[in-house]
Every structure is written in C-alpha cells, then in structure tokens.
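Given the coordinates of chain A, work out where chains B, C and D should sit on it, guided by the hints.
Protein chains: 4
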Amino acid sequence: MPDTTPRPLGVALIGYAFMGRAHSQAWRTVPAAFDVPETARKVIVGRDEQAVAEAARRLDWEEHATDWREVIARDDIDIVDICTPGFLHAEIAIAALEAGKHVLCEKPLANDTAEAEAMVEAARAATARGQVAALGFTYRRVPALALAKQFVDAGRLGTIRQAKAAYLQDWLVDAQAPMSWRLRKETAGSGALGDIGSHAIDQIQHLTGQQVRAVRGRLATMVPERPGDDGPEPVTVDDAAWANLELDGGAIASVEVSRMATGAKNSLRIELFGSEGALRFDLENPNELWFLDATAPVAEQGYSRVLVTEPEHPYLEAWWPQGHVLGWENAFTHQARDLLLAIRDGDEHRFSPDFAEGLALQRVLDAIIDSDAADGITITL
Amino acid sequence: MPDTTPRPLGVALIGYAFMGRAHSQAWRTVPAAFDVPETARKVIVGRDEQAVAEAARRLDWEEHATDWREVIARDDIDIVDICTPGFLHAEIAIAALEAGKHVLCEKPLANDTAEAEAMVEAARAATARGQVAALGFTYRRVPALALAKQFVDAGRLGTIRQAKAAYLQDWLVDAQAPMSWRLRKETAGSGALGDIGSHAIDQIQHLTGQQVRAVRGRLATMVPERPGDDGPEPVTVDDAAWANLELDGGAIASVEVSRMATGAKNSLRIELFGSEGALRFDLENPNELWFLDATAPVAEQGYSRVLVTEPEHPYLEAWWPQGHVLGWENAFTHQARDLLLAIRDGDEHRFSPDFAEGLALQRVLDAIIDSDAADGITITL
Amino acid sequence: MPDTTPRPLGVALIGYAFMGRAHSQAWRTVPAAFDVPETARKVIVGRDEQAVAEAARRLDWEEHATDWREVIARDDIDIVDICTPGFLHAEIAIAALEAGKHVLCEKPLANDTAEAEAMVEAARAATARGQVAALGFTYRRVPALALAKQFVDAGRLGTIRQAKAAYLQDWLVDAQAPMSWRLRKETAGSGALGDIGSHAIDQIQHLTGQQVRAVRGRLATMVPERPGDDGPEPVTVDDAAWANLELDGGAIASVEVSRMATGAKNSLRIELFGSEGALRFDLENPNELWFLDATAPVAEQGYSRVLVTEPEHPYLEAWWPQGHVLGWENAFTHQARDLLLAIRDGDEHRFSPDFAEGLALQRVLDAIIDSDAADGITITL
Amino acid sequence: MPDTTPRPLGVALIGYAFMGRAHSQAWRTVPAAFDVPETARKVIVGRDEQAVAEAARRLDWEEHATDWREVIARDDIDIVDICTPGFLHAEIAIAALEAGKHVLCEKPLANDTAEAEAMVEAARAATARGQVAALGFTYRRVPALALAKQFVDAGRLGTIRQAKAAYLQDWLVDAQAPMSWRLRKETAGSGALGDIGSHAIDQIQHLTGQQVRAVRGRLATMVPERPGDDGPEPVTVDDAAWANLELDGGAIASVEVSRMATGAKNSLRIELFGSEGALRFDLENPNELWFLDATAPVAEQGYSRVLVTEPEHPYLEAWWPQGHVLGWENAFTHQARDLLLAIRDGDEHRFSPDFAEGLALQRVLDAIIDSDAADGITITL
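Here the protein sequences line up with chains A, B, C and D, keeping their order.
FYI, the numbering for the first sequence is 283 to 663, going by our numbering.
FYI, the numbering for the second sequence is 283 to 663, going by our numbering.
FYI, the numbering for the third sequence is 283 to 663, going by our numbering.
FYI, the numbering for the fourth sequence is 283 to 663, going by our numbering.
Incorrect hints may appear among the rest.
Each pair may be met inside one copy or between any two copies, as identical chains are not told apart.
[Said to hold, decoys possible] Cut-off 25 Å, straight-line C-alpha distance, at most; resulting in silico cross-link-like pairs (SDA-like, lysine to any residue):
#1 Lys467 x Gln604
#2 Lys467 x Ser557
#3 Lys431 x Ala578
#4 Lys467 x Gly532
#5 Lys467 x Glu528
#6 Lys431 x Ala457
#7 Lys431 x His606
#8 Lys431 x Glu594
Hint data in this document are derived by calculation from the structure and do not stem from the laboratory.
Chain A with its partners taken away, still in its complex shape:
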C-alpha cells in the first residue's frame, strides 16, 4: 500500500537580500505560530554561489542553487517565492506558474504594464488549475491595518468621503548620498512612487473598498544629480510624488510619498474620514490603530488608541499575551499563513491581492506618471 501521508509543501525562495531575509523569517516562523499545512524550506536561489550558500546556512534552507529554472522544474517544489528585483518578476513568475507551482511574488508586480499583463494571463490560467498566485503587499497583514479593514467593512466609518495617505522616508536627504541602481530608471523602473507610493495606494483601495477611477499627479526629483563612479550622474527616478485620486465610491484621496522627508524613517500614514467614523495609522507605531466613533456622544468623542495586541484582533491569537507588541517582520509570517491557507482551502481563503489587483494598481501608477507628464491634467482609468 502506498504511503498516503501528504509530504510537506516544498518551498523555493528566489532572492536572498532584504526581502529574502524577511520571507525566510516568515517561513521559519509560520508553523510555530499558526495551524497551517506543513512546509519544507527546500532551496534558496541566487546568482552568486558563495553568497547564496552562506544565505542557505544562515537562513536555514536545506539547499542552495544558482539556476532558478532548474529549481522550478523540480517535483519537490510546490511554492515559488519570488524576492528578486522587479525586472525579473515576470519571467520567473510566469515560468513557475506554467510549471504548476503556487507563486508568491513580491511587489511591485512588474516593472511595466506589458509584463504585468502577461503575468495576469499566466495567473488566470494557473488559478483555473487550482494554483495560487499571490502578490506581496505585506502591509495588508499588519494587524492594525487588518483591523482597520474590519472596521470599515462593519460600516463603522459610514460613507468614506476623504482619505489621506503619505509614505515618508528620509534616506535620500543627504544630497551627497551616492548614485545607485535604485536611482536609475532603467534598473529601478520607478522611484518613490513605485516603491512606496504603491503601498499607499494599495491601502487606500483596499481599506476603502473603492477603486481609483481618475488621477492627477506630480513627480519631482529634488536632488537631480548625485555622485557616481565617474563624477556627477543624473537621477532619473522621482524622489517624491503627489497624487489626487477619485475613487469609484465617491471618495477623494490624497497621496504623498517621499524619500526626502527629513526625520521620517518608514512612516506610512493613513487617515480615513467617513460620515460616521474615522481611522488613523502610522507604520512607525504599527501596533496602534486610532479609531473615532462619530456616533458617540460629543462630550466623549475622540480618537481612541487601540493597541492591537488582543486575542480578538486579527492574527494576534497566534502570538503573545495582550500588550506584547509585534514588529514589522511579523506581517510576513501572516502573509505566509494566508498563502498556505489559500493553497489548502481554495476560495474559502482566497488570497488577496492577486496579480490582477497588482496590474490594476500598476495602471494607477502609470496614470499618475502620465498626468504629471501632461502638466497635471486628470487621467481617467
């Protein structure tokens, strides 16, 4: 009689830098925290053999490899987790989906819309075969933001009319900070807008449940050239961007993102203003959600600081007693959990965002760039 015990789901991780480390942490931690299908950290993939071997050792993967195509072809790999730079996403994701693997792809979906469209096509076919194609806008799984979504869905804000999102960082304030691949359009695809603005806009659409239907945008490169290897070199992506978004539910949202916001380290700030309530969040204090119930008696109304660490809060039952806060990294574990549940349960635990959402977001970003190029005029999606 054959052994019918299901073997663990084999995971391959492509990439071992910042995101590769964060995803590794999640794969190591998820079985300890949640009841999920068993997994095996089979192989980590990178181009530099020595470096990826060292990463395998430190990050606790069984093997390392340098050719992602070979890895994707392996029978013992069920999940391909893509943490490479964006320009490689399309090729790897499409190949993995065609090879029958589940895919988790880091954001942004792709560096351009044509690639993104091809990925959506591949995902559609794969999904029909029962595979999962997941996109890693991890902040959706920060518990305070997941709680915000619950509040909105429960109608606690009434009609949302106005939203504000800013994503502010300051790592480019120094005008003498050297040139890098992240500041060249051909390698990075985009600047602050694509990198962090995408998070801000994803949150606005996700939390409000409203989609962008028209945009006005501006981009700016505040330090236009920086020291390169051979003298000053032009910066060809945006340092900061602003957008005004019309949502299809009638709300208007403002977005502001910057890598020049002195003193802001990783400040994704979101505010939602509704007819019956309001919400406020800042990723620098990720365990706090500020909620105002505008239906409460005026004399006691005010923003409540909800410390999102109770067992009643999203994802929290898995962790520590109340008041023991989580860090930035925990959301990656929540993402791994949700991916595994989607693989196990199908539509019952559908993973969002999927590739189609990523493509829709990419079109919003493109429209912002187009608007700026057209002197600020409204671009309708």
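Positioned in the frame of chain A, the structure of chains B, C and D alone reads:
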C-alpha cells in the same frame, strides 16, 4: 425714592505678582465670557507703592493702595481676593471675613494648621451670614479636569481602585541656581509638597470623591545647599516628595512631586483606574482628556483623546468654536465665574473647595511630613 | 502751555461676532502683558443696535455705534479694527485708510481680487503717510509658529525642499447640517479653501520664506446639497480642497483642507522638510513645536517636542512661568502688540502681513480655483 | 586524524509554555540575525508527553523529553535554557550547572532567597570552570533600553537624582476573573511585585548603575477573593505594589506596579531625571526612546523621540533597514546572541544579569515586602 439698582460688586485684589496678574486677567475677562453679576475692579493692594501703582495701571484697576486693612474697611469693597504669600493668608482672610466681605484665597490655605483652623472658624461664621469663603485650587476649573469629574460622577469609571498623580517641574535642576525665599522653610512653609503636591492631592480627593484616611510619605532635598548672598546656604524645604495614600472609598493613590524632574515644565499628570473605565490627564496638554471605556468591546477599546473644546464641555460654551483651545489662564476666569455665581445664588452654586477642604488637605500634607519624619510609617488621619 | 502728554490711541472695532470677541479680548489684555503705547477702547460698531450695545457692555468698550462711517470720521479714533464679513473689508478699510487711520483687517483681505487690489492701492498711499495697514493672519503670532520661523531663518533646516500643510475641521460631516450663508458662494466668497486654506498657504510662504510661483489644484463639494428653508439647496462652495505648490526657492508644498475631516477639530498641521532639519506643528496642540536637527548624531536624532513656554521663546516673556501654556486667543494679543509697536516704531517693527501680501495670497487661491476649473493643469503666477 | 570541527552547541529547553515559545523563537532566529556560534535545538522538555511532542514539532526541536534530569546528563547538551515556573528554577539550574552545562534561567531567579543563594553558589563554582550562568531579564536587550544605558554611561544625563518606574497591566480588572495558581502564594511565590515589579527594579538599578540600599514599600490586594472551583477563594498575592527606593549613588526612585491598571496592557514606563539630561520609555512603544539634553539651548530643548531602528543603535545592524520596527519578541533573540557570545568569548562578553544580580534583586523585593509588613518603615539592605 432710593436707587435700587444694584451697584457692581467691588473687588479688591491683595497682591500683584504672578497670581495677582492671573487673577486680574480673570476679573477683566469674566464679564465678557459669562453671565455673571457685574463687578468693578476697585483697588489693587501691595506694599511697594510705586510697584503697585504701576500694577494698577497695567492690570486695569481703578485705584491702588498699600494698606490692606484700610481697603477691607471700605464700604465699596464686596470681594477680597487674596494673592499674597501664604503666611499672610490667615490674617487678611479672617479680617476680611469679619468685615463682612466675600473672600477668595489663593492656595495653600495657610502655612500651618493652627492658622488654617482659625480661618475655617472665621469662614464658618461668615458663611452663616451668607458670605462666601472660597479657596483657589484653580485646576479644578480646567475644563478637562471638570469633565473628568463629570465622568467619575456619572459612574463611567465604576469603582476607582487605583490613582496616580505626579506634579513634575524642573526649575531647580541647576544645582547652582541661587538660594531664594522659596527654599527657606521659615518663609515658604514648605517646598514641592506644599506648593504643587497640594494640587495633586486635591485633584485625587476631588476627582475620586474619596478622602485620604492614611498616608505614608517621603520628602527629599536633592540639592542640600545653594549659593546664597554670603556663600553656600542650606535648603530647608523639600525638592521632591512621594506619598502613598489610602482613600476612604478603598482606593490607593500614589503621589510624586518634584522640582528636579528634568524636562518637565508644569506636568501635573493624573491617572485614575476604575473597574469600568480609566482617565488620564497632563496639564502640559490641558485641553486633552484621555478616557477609556472598559465596557466597550475589547477589539475597539483604547484611550480616547477627547479634545475638550466642545460647547457640551464644562465652561466651553463661553469661549470659541470647537477646536480652539484654551490656555492655563482661562481656569482663573472660570474660578471668578463660579465665585460670582456662588455669591449670587448661594447653595445652588456652592463654591468648592471651601476653607474646610483646605484645612483637610493641610492635614494630609502634615501627615505626609510626619510619616517621613517617622521613617515612613503609616499616619492615620 | 498746552498739555503735550500723548493721549491714548483710540480704537474702533467694527464687528462684534466671533472675531470681534477675540479682538476685544486682545485689546483688553495687551496693556497688561506688553509694553505698548496706551490705547482706549473707544467704540464698537455693528448694525444691530441692541446687540452691539450689549457687546459694548460685555466686551468693555466705552461706546457703541451703528454707522461705521461716522466712527471713521471721528478725531479720537486712531485705529480701525475690521472684523466684519469679508465682503465689507474693502469698503471700510479703504475709507479708514483715506481718513488717516491705522487699519487692522481680518483675513481674508477681500472676497475678490479686484477689491484686494484697490485695498493694496489705498494701503500704499497710507503707508507713505506713515499709517499702518495690517492683515490679521493671526496664526503667525502663535509662539510655536513664530519660533518655527526663527529656526528657519537661522538656517536650522538648511534648504527646505518639501512642505506639507493641512487644515482639517469636521463641522460639516453631518450631511443634514443645514444650509447657511457660509455655504453660498455669493455671501461667503469661497469655502474651505478661502477660509482655512488661506491660513495653510500663508504659513507655507511665511515659514519657508518662499513664494508660490505655480499651482495645481482641486476643489470638491462632498455634500452637494443641504437642507435649506425651502427644501434642499445646493452648496456652492468647496467642502475640501487640495493643492500642489511650486515655491520660488525650489520647494514643493502640498496643501489639503477640509471641513469634512471627521475627528479633526481645528487641526492646522504643518511639516517642513529641509536638508539639515525638519519641523512639525499642529494647532490642536499649539504650545508644542517639534524640531528635528538632522545634523545631530544619528543615534540620538529625533523630533524634539519643544514646549514653547520659556521666556526665551517669542512673546512668552510677557506671560506666565515656564510650562504654563497659552491658548488660541493669546495670539490675538500678540497681534495687537505688534500692531501697536509698528504704529510707534515704523519700519523698525514693520507689521507683516500687509495688504500686498494678502493680495498675493488671494492670487494663489484664485490660481488654485483656476487650475481645478482647467482639469488640474498647472497655473503659473 | 580526528575531526576537529567544533560541533554545534546543543541546546535543551525546559518548558514549552509562553516563555518556551518565546525562547524557541529566539533559538530559531539567532543564527539568521547574528554571527554567533552554531547551535542545535536538540530537545525540548515538559511533563506532558503529548503536549511536549506537539511543541517539539511546532517549535522545531529535534526531540522531546519528559525527564529533565536525563536531558541534563546528555553529552550532546551544552546549554540548558530554563523556562519552567519559578519554583523549579533552583533544582534544575543547580543540577545543570553541576553537570557542566551553561544555563539561561528565566526570571525570577527563584521563589525565595534561600533557593536563590544556593543558585548563586552553584553559579560561582560553575563560572570558575568557565560556564555561563545567565538570568533572563530580557528587557535589558530591548534596543531602546540598551540605548538608554549607553546614554547614561556616556554621561549624557549627568548625575541621576530621580527615577520613576511603573509596570502597569490590567488583566485582573474584572473582579469576576477566576482564581488561578498565579494568585496563590504557595504556587506563585508573589504577585505583581515579583512578576513585573522585578523588571521595573532591575531596570532602575541597571540603567542608573546605582544599587538599592534602602526601601519603603506597600502591597495591596484590591480584589481580595475571586471565584474558585468551590466558591469564593482568597487571593493571597498582591495585585499592586509601590516602593520608594534609595539608591547608593544618591538617587531616589519610585516604583509602582499593578495588574489592575485599567487600559494599560504591558506598560513598563521608565523615566530618569539627571542634572544634564533625562530619558523616558514605555514598553508599549518599545522602539521609541525619548531623550532630553538639558545642556542644549533652552529655546530648543525638549524630549526627542528617537526611533531606535538605525544601524547605529544596539542590536539593530542585524535586522531591517531604518524605520522597520522590532517587536517584543526580538529581545529574546538578542538575549540568545549575548549568551552565545559570552560562551564563546568569556569575560570579553560577560553576560549580565548573572545569578548574583538576581539574588540582589530578590533581596530588594523581600525588603519591600518586609517594609509593608512593618507598616511602611524603611528597610536597609
């Protein structure tokens, strides 16, 4: 036929320093803000003729005088407002009450208990004659603290079990700050405990509605000598004090006060923990009251920042539109209002605290000092 | 021999509503707080005789009057303080200036640019004769914002590259709040943009020392009709507005204003990001300025909460000891002080903003409206 | 030739509940984050075979066992990590040390002083043999508190004169919450004082570098009986405790701990006031340290919010880019790192606190209890 139009209530202010300025501001402002009996700022009194004349001009009093006894004897004076140093309170207040005047006396009631007892005696007789004897613990009339009292009285905190009060300042941090009368026991009576600890303890008793029945205390003089006119001189009052209070409703309160709390400017912080709710306040942000409703669903519980500037809030109808915050000084105007209403309406608008409350508080302060002298042992009142 | 003692400067106040009350408070208080030329509160003017008589009594003006033209003609009036609705500003201010009076005019300067230009013309002539024509953007005299200006002027921020200003209120969140003159274009001139957006933009230009040279704007009316006396009536001004501003020093600023920002009461928030420092402010906590020194060692860098209550801080020497905070109203006293010093000292204490600055600001507001009407396109000033 | 490659250090974890899970997370994560000697998670030990087997699977330990004595005897075990309830600490730790193992023991060191003394004795002997005996006051390794220690050690606070520590939780606010072993003296040893007060006092001694030399204390049981299996049962440990501590460097510290502090979830708050600076911390926002430099110009002095996420900050180089905050759990990884470095490097990376520090702390706790029993009188250590 005699003129029966009531003439304005004539006010005499004794003292023109810090408190004299604050009270003058209140007397000038109260008719603009509130519907109160008409007043006339008749005379301001001080020992230094030139200085008090200048004060009369700047602070807008009709006259100045140097002899408070003569002023108290005047028929056109109805209210005597005492802003002198504490060691003069008893003599002036008793004389004014015996002369049939209403009295507002700055805190502390007196420098020692014997004086305070005599004042209470005089006030009792005067009250029986329809006079008002009011004690100026002005912070009771900070709107956020008045709102706190409303919340407690409405049962929103349930049973209060634990209270914390701290009053922290830092103006003595510099060990080379010179000696002054405030640092000598014979002139100042006491140090941080009497000056600011009295506010902290008054708030605890007032807000909880529970009276202190036993104390344990400690006092400390952290910089024991300071530069005087003739070389180093010993500091003979406390720089800081701590107390643990048993209240007659079963709650326990901690008190900490200091003039050496680096970085704290005027930070009177109060926290109340009850079976059904909690409150938090800091005088450095006096327009905010933080309220937690422990009966709300756990997932949305948290301290709410109530910006106490709504017409529904205590004293606020008189002022500006919502969100236009008040300052430290406005509470003095509220105090003047409440005094005038008490004069007009008697028991219907009884003024609290009265002198008896001041005496009771003085006895708590004495007990703290006694406890410290007895190595920390509990002193029962 | 004639009496050469200068008589007090006679003040006439036109208007007795919200702003009239705030200005009255300032005129009553300024001699107590500051060393300024003596003033007399001669006359308060309004159309409703009974109401203005009552205002005179409560707000402590010597007389009341109903005809501002007669008042302006009086020899004993030196200063005309205009607190009427905006559509009356031009007529009164021009007449008063032509009559040789000093003028303080509440913001906005006028309801349209043509009026504003005429006012600037009149002010220019009057200034040449030694008169002062002052515009009441009072928030410039909030001590924390005055301190912010000092920090910028001292170079503590380096080159300012990015600025954010939002002015958020929530008094129109209720869609059933009734129609009023403030929501009709013909009476109000404009909505949130003119009323509160003007403050936000004035601060940006003032603090950065940079002038707007191009704008992109959007306006929105989120609740398009409201209950009127005869059924639903269209709201013809903006509930909220957004703008992106290019400044002539190279900085880019975002502006967002709203009367629909649930939970925000009077939240004028300003952030400045410079190459060497950053600043943050919120009018709901007006005694705090947050300053970040980006030249400090990284390990100890962070926004410092400066409690702006020290004698070393702007305007503070006049008030109370450190830590005793000011309220919204105190800035009006500072404004009266600065006006009186400008009258006394001329260019040495020039009052800013003057009417020309008000006109320039009006043009920025107009350009934002024009941009919105042109689908968001850049309008260059 | 023999294989001289050092084998990984074998770790045995005794206990698999809350602390066992947190320590497991640390052992899994430490090699990914830090350059430390290699470890193997050999065996997890518990009394309930089924439960510990499940724990081994979830928490990723090679084996499970039910007899800690057998485990301690194993040659492949180098480190014994004790996460059992306190009453088992002494027996296990002493046995493990005598068996030549390195030991990490969770706080509190022991349930009584006699046990603690025996443990110190065993540790002294073991240390002489080159073993490490470490005590798990994990909060010392919260980066913000480690940074606080650096600031103090660098003299940035000058002379510390006053300290405040509070550790506030609210999980016992509900008077109907049922009786449990934690509320019985015979099983728990102590209540809030031992459980969380120990952290507060450890921080005070550690951060100030001053040791407690005398105490005054109070304990209270606010809800004296709770529902037990057979009706109401007396609570025999403290719900809350207060202490006033004299430190040997001259500072005075106040301590307040409570499990009844409504709205406080896990709020360990620390404030240090020195002659040249001040610090403030709250464990509910563990990535923030507030530092005030009292030597800065007055006009710009204020508490700076340092977001402790820079590579320059303690332990941070191992983690994520700036602004990506850590959670409560990361400090356990730092603790594992420091233990491994102490094992590798000996005195060069001495681990603190050791058992002797734990005993000294136990004596402070005992003195607080003794003081309360003696009506609050000072107890000298």
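Next on the checklist: Hint compliance check: list the failing hint numbers for this structure, sorted ascending.
Outcome noted: none
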